[in-house]
Amino acid sequence: MSLAVEAVDVVKVFGEIRALDGLSFSVKLGEIFGLIGPNGAGKTTALRIASTLLLPTSGTVKIFDLDVVHKAAEIRKVIAYLPEEAGAYRNLSGWEYLEFMARFNSKNKSEIHEMVKEAAHISGLGERLKDKAKTYSKGMKRRLLVARALMTKPKLAILDEPGSGLDVLHAYHVREIIKRYVKEQGVTVLLSSHNMLEVEYLCDQVALLNKGEVVAKGEPQELKEKFESVNLEEVFAKVVGLA
Amino acid sequence: MLKGFVNILVKEIKELVRDPKILLGMIIVPLIMFPVLGTLMSYSIQSAREQAEKATIVVVNNDRGNWSEFFTEYLNSSMKVSVINNTNLDSDTVLKLLSDYNTTQLIEIPNGFSANITEYKNGNTKINATVNFYGVFSGGGIFQEVGSAIIDNLVNNVNREIAPNAVYTFKSTIIKGEIQKNVDPSTLSTLMLSQAIAMPITIMVLLTYSMSIAATSVAMEKEEKTLETLLTLPMDRFAILMGKLSGSILVAAVGAVAYMVGFNYYMGSFTSSIGATLDLVSLGLVPSVFGYLLLGISLFVTLLSALALAVIMSAFSEDVRGAQSLVGNITPIIIIPALVLMYVDVNALPLAIKILMYALPFSHPIIAAKAVTMGDYLTVIFGIVYVAIFTLVIMYAASRLFATEKILTAKLKFRWLRKRTKKPHEEELQ
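Chains as they are written, first to last, in our numbering: chain A, 1 to 243; chain B, 1 to 430.
Certain hints may be false.
Computed beta-carbon distance windows for the label pairs [claimed, not checked]:
#1 Leu408(B) / Ser137(A): 21 to 29 Å
#2 Thr404(B) / Glu222(A): 38 to 46 Å
#3 Leu230(B) / Asp167(A): 22 to 30 Å
#4 Ala253(B) / Glu114(A): 16 to 24 Å
#5 Asn91(A) / Ala253(B): 19 to 27 Å
#6 Ala410(B) / Ser110(A): 39 to 47 Å
FYI, nobody ran anything at the bench for these hints, they're computed from the structure. Glycine is no exception: its CB is placed at the ideal position from the N, C-alpha and C atoms.
So that you can see chain A by itself, here it is in the shape it has in the complex (with noise of 0.2 Å):
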C-alpha cells in the first residue's frame, strides 16, 4: 500500500449541479497534498467525499485501500477531517472542547490527557485554553480546531481551507504547525485552499481544479516551470486560458 488517497473518476451531482465531474487524483503516504482552485471548483466536495461525509454519485475514492462507499466506519478511525471555517461548541473552554473530541478517540483517561496535552502544545494556546470558545478570535478559533485534528496522530489529516479567514500571523503559525507535525509524525495531509501561495509554501503535491475536474497536477515547481510561471496563480490562469 503506496497510496493514502486514490480517488478515480469521481462525479458527484447535487440535483441540477455537477460538483465533480471525472475527478481523478492520488496522493502518496507522508504527502501534503493540495487541491486548489476558485471557488465553486469542487474542492470542498472532494474532501467531502474523502472524509466520508458525502458518498459519490459514480467512481471511486479509496482511502488506505478503504473504498469510502462500504469501509467508512474503518476509514473514520484513521482520518481527522477539519472542515472549512468551522467552530467548536462557544459555550465549552477550549480544554473541555479538546478532551470532548479526544473521548472519541479513546477511552483510556491518560490517553486522552496526552491527546489534550498534545492539542495544547500544538495550538500554542496557553492559559487561554481555559476560557470559553465564544471569547476566542478566529485565528485562535483556527488554531484550536487544526490541533483539534492534529492530537489523535490521524494516519490522514483531511484540511479544507486550513488557512481560510486567518491574518498573516496565524495563517503564518498554521501553516508552521501543519509541516511541523507531518514531519514529526509522518501524518499525511489531504488540503484543500484557493490561496495558491499558501499552497505552494506547503505542499508536496498539488491538483488545479476547475469545474469539478482536475486540470493540472504535480510538484508546484514543476507545474511552474512546466507553464513557464512565476507562481501557482498564474500557472492556474493559463490552464483556465485566461492568461
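Fit chain B to the given chain A structure using the hints.
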C-alpha cells in the same frame, strides 16, 4: 425625509419578500391559520349550542297541580320534554332516569309546587315554589353551560308570567355518577373553563419553546459545522441523534415536572379560594395521583414527539434562523387545537373536528388534562399510545436521515414560490 431611508426600506422589503421562509411563516401561514381557526371555532360552538338546545329534559312532575302543568307546558314550548308523573326521586332513580332517557338534565317539580305558588301570589312572599334541577357535569365546556343557562332563562320567563321570584331553582350537579347537592353546574363549568384556558396556554408555550431549543441545538451544529466534524469521527451516527434527543428529553422532563408542579398549585389555588362555595377536592374534580402520573406521561411523550419533529425539521435548514422559521411553520398545529379545546370540550365537537383533534398529537395533553379530572383514564392511555407511535415513526425517519449524507445536503425547496420569468440578462449569465 431621512437621507437614505427610502433606499434602505426598498432593500429591506425586497430581502424579506424574497425569503420564502419568511413569506410562508409570516404571511401565508397566518392568512390560512386564522380563517381555519375562526371557522373551526364558530362551527364547533354553533354545533355545541344546537346540541344543547335539541337536548331532551326529563321532567318529573310530583305535583300535578295547575301551576306545574303550566310550568311543564312552558318548558315544552322551548325544548324537548319528557314528562314522568309521581315518581319518588332518590339518587339512584335520578341516575337511572337520565340514563334511560339518554340525557344530562332533569327537573323535579316537587309536591306542593302549585300550592306554594298560589300562596305566593296571594301575598305570602316568604313561601317559594322550588324546582329541583339535576345536570350532569362532563368536563366543562360550553355545552354544559348552555344547558344550565337555558333552564335559568326559562325559570326567569316563568317568573315573569306568574310573579317575580315565585319559582326558585335548587340546583344539583352529577359528577362521576354522584349527586352533589346545591352545586350549580353552570358555576362549576365556569370554574373548570377558567382552568381549561390555562392548561392549553401553558402546553402551547412549553411545546413551542422546547421545539425552538431542539431546533436551535441541531441548527447550531450545522451552522458551526461541528456536526460535520462529529460525522467523521469513529462513532455511531445514531448516537448523535440519541444524544441530541436525550438532552432535549431532559429539558422536556424538567419542563413536564415544572408544569405538573405549577398545575397542581393552580388547581390548589382554586380549591382554597373558592373552597367556601365549591370544593373541587370533595367534588372529586382534582386528579388523583394516578391521574397526575398519566398526565405527566402524556405531556412527556408529546414533548418528545415535538422535539423529534423539531430535530428532523432543523436538519433541513442550514442555519439557526432557517431552523427557527421552519419550526415556526408548524406552530398552527399546536395553536389550533389549544385554542379550540380551550373553549369547547372535545366530546362536544362535531365528529370531523373531533377526529382532527385526536389525530393531532399536540392536542392530547390538553384532552388528557380534562380527562384525568373526570377520571377518564382510557382516553388518556389511548392518547399516550397514539403519540408514542407517532414519536417512534418520527424518530425512525430522523435516524434514517442521520445515517445518510442527507443530514448535510437536505434542503426544503420552495420552487413554487420562486417561479418567475427569467430576464434576458439572467439567461445570458447561465
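message = Taking the earlier hints as the rules, which of them does this structure contradict?
response = Structure breaks hint 4 only.
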